[in-house]
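Just need the whole structure built from these sequences, with the hints factored in.
Listed below, chain by chain, are the residues.
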Amino acid sequence: MPLLELQAVQVPGRQRPRLDGVSLALAAGERVALLGPSGAGKSSLLAVANGLLRPAGGQVLWQGQPPARAAGLRRRQQARIGTLWQDLRLIESLTVQQNLNTGRLAAWGWPRALLNLVVSVERDACAAALRQVDLEPSLLPVPVASLSGGQRQRVALARLLRQQPTLLLADEPLASLDPRLAAGLLQLLLAQAAPPKALLLSLHRPDLLAGFDRVIGLRAGRICFDQPLAALDLAALEALYRAEL
Amino acid sequence: MTRPALPLLPLLPALVLLPLALQVPLLWHGGGLDLVGRFALAALTPSLDPLVLRSLLEGLGVTVAVALLGWITSLLLGLLLALFSARVVWQGLLGVAWPALLLRRLLALPRAVHELIWGLLLLQVLGLRPEVAILAITIPYAALVARVLGDQLDGLPREPLEALRTAGAPPLAALVSALGPPLVPALLSYGGYRLECALRSATLLGVFGLGGLGTELRLTMQSLEFRELWSGLWLLLLVMLLLESGLERLRRRWWVPRRLGLVQAPARESLRLEAPAALGGPASGRELLLLVLGLVPLAVALAGGLGLEPASLLRWRGLPPLQTPDGAALLALPWLSLVAGTVGLTLMAASLAVGTAPLLLLAASPGRWPRLLLRAAWALGRLWPPPLIALLLLFVLKPGVITAALALGLHNLGILGRLLLEAVEAADGGAEEALVAAGVGPRLALFHGRGSEVAGPYLAYGAYRADVMLRETVVVGLVGAAGLGSQLLEALSAFAWDQVVAVVAALAGLTLLGEAISDHLRHRLRPSG
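Read top to bottom, the protein sequences are chains L and E.
Each residue of the first sequence is one higher than the last, beginning at 3 in this note's numbering.
Each residue of the second sequence is one higher than the last, beginning at -2 in this note's numbering.
These are calculated hints, taken from the structure and not from any lab test.
Each residue gets a CB set at the ideal place from its N, CA and C atoms; glycine is no exception.
Don't take each hint at face value.
[As the list claims (entries may be wrong)] To give an idea of the interface, some chain L residues facing chain E are shown, with a C-beta separation under 7 Å as derived from the structure: (1) ALA81; (2) TRP87; (3) GLN100; (4) PRO113; (5) ALA212.
[Stated by the list, open to error] Here are some chain E residues pointing at chain L (derived, C-beta under 7 Å): (6) PRO1; (7) LEU3; (8) LEU5; (9) ALA424; (10) LEU441; (11) HIS445; (12) SER449.
As structure tokens, then:
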């Protein structure tokens, strides 16, 4: 059973649909790059995948199940999907440790959530998550606002790890990084997506595809190609970025 | 144990609800519970008697006219005083700063005395005339406007001014072109806020007998004519909501910063917004000019309608015979408990207002309807002048500091709550969205996401509001045994002028101290960097 399945998903937009009949399936262990020029609908696709955007047509299945109607059940489904945002969406006024723990909020109730704002909660687990992204645990009590750009990226990734999702989504996580940092972060992400997990990562440039299993090309809300990396057709790749006449 | 994180801080003052909940049963006498019931029911069946409505409408007209005229004069006077109390202006013109500092010190006194006290004092000297209410609003408001705008002026970067000066521009022209445009957003934002305050103040002055709708409200309340009372309240609510939404629309149209933003970082905020704002554009510049020009005939018409005679302000009534001050009696006043009462009242009211607003917002959050309901409840809180809330509470509670604090706190909860909701809705929802996408419940997501973002500015505004509440303690003095405010009202009705002077001085001193503390808190809450 695929971890994520989109069936003929339709998302209307102002002038033309943002997603126009998109179907895809993602199995455990798959690492998929979502390629496309700006405005192709990559962010919309990821928003449909993590449940922020409800499609006007078609269906989303998480581990074979449609999104639950009951709010509690639905939140439990969403907690298994983790997103790495391009703008990170860390909480600036909190420390690294407090930010890492916000990855657990879906599982915690109010008491532990409030405790996290007053005392040190689950420090060991936070330290382990930091080590996984090659950061020192000494950063835990540091306010997020005082970190460097590269450190912030890694803290956001570590927060994602604290969430323990089975499906990792990433919206252009490499766009604002210099090449060395981008390659490092990509390695970390790919390493996290071993079975039973899976990774769907969007990119707007086709120069960092090494390590992925599969590449999906998106243009104007439609899927142009969906091929294993090994069999990637360069002509198709070129067509994806060709200016519209 | 570390310091609690920022998003948690706005909720901490709500802890005051626990001791309050324990105290209220002790104060309960419940004697007028049926009156409260009748009062609540009357909200649904306001009086529609044409005679009643006509007199209420006349009263409303007076209140609105007083508010507008007081606002216009205070803004003009305040702007002038702001120029003269800004260091940058004196340094630019004469090269010295000390006159600005001197004027600033002098303006502390009119600012520290609440408009109600000015009103009651002027009433003794000038008799009951609409000019008294207008002047009572103008004096403290002008001093407040001068302070805020003066700070703004001094907070603006000096580089553009220096550039013009070194290019050989004459001092006055350089000042106007370098500092004028960046000041406009602050002037509009703060000026709009002051108009809302002026409507509240004009109503409040009426409650204490200075005419207008407030007087009608007080009379109908005391004669238990609740249906007539509600007719007046609904009318006032209509005017208040029209005013607030009109100002909000103008703010949006002109890209004027919201108050919470303005309080957070005055100079930077106005600068950041100045560039993209349509303000620089000719269209809105023209609109602004039209608005200002339109105010002149409006002011003249209002003054004519009220039958104002500015010259009458010079005709002083003979003061009642002044006794020689009785020093021993003054010293015999229970100063310690009076001051403690006032401080306790302020702290309780401020904690109640600051802490309860976010709590209620969180409770009401996921749905649209609960939020609308909350918005309506807050509007009613702002609408009610605190002394009327106090009178209503006295139907069921014994007089005292806690009853006064409840009245003051509930009124200010309406003001703070609205600002908080506006700020939360304007905040960037990215972090909240991320949490929702990860399966976090809507309240926890709101609290961690937008909550973290607005916590700092909200607390800074809360510190400012606490300062305002300290000044306002006098308006709930009429519940009795509530600190210096009660003592002042007693002294005024007994014509004990030596006491009046001493208590006003004590209140002013306390207010200035409170202002200093609140300024300090606000600077600490301002995000660094």
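Hints, verified against the model:
1. ALA81: Hint holds; ALA81 (chain L) Cβ to chain E Cβ min 3 Å, cut 7 Å.
2. TRP87: holds (6 Å)
3. GLN100: The hint holds - GLN100 (chain L) has a Cβ within 7 Å of chain E, the shortest such distance being about 6 Å.
4. PRO113: violated (11 Å)
5. ALA212: violated (28 Å)
6. PRO1: Hint on PRO1 (chain E): holds, closest Cβ of chain L at ~5 Å, below 7 Å.
7. LEU3: Result: holds, 4 Å to nearest chain L Cβ.
8. LEU5: Interface hint status for LEU5 (chain E): holds (4 Å vs cutoff 7 Å).
9. ALA424: violated (12 Å)
10. LEU441: Holds - the Cβ of LEU441 (chain E) comes within 7 Å of chain L, reaching about 5 Å at its closest.
11. HIS445: With Cβ-Cβ at 6 Å, under 7 Å, it holds.
12. SER449: holds (5 Å)
In the structure shown, a violation is registered for the earlier hints numbered 4, 5, 9, in ascending order.
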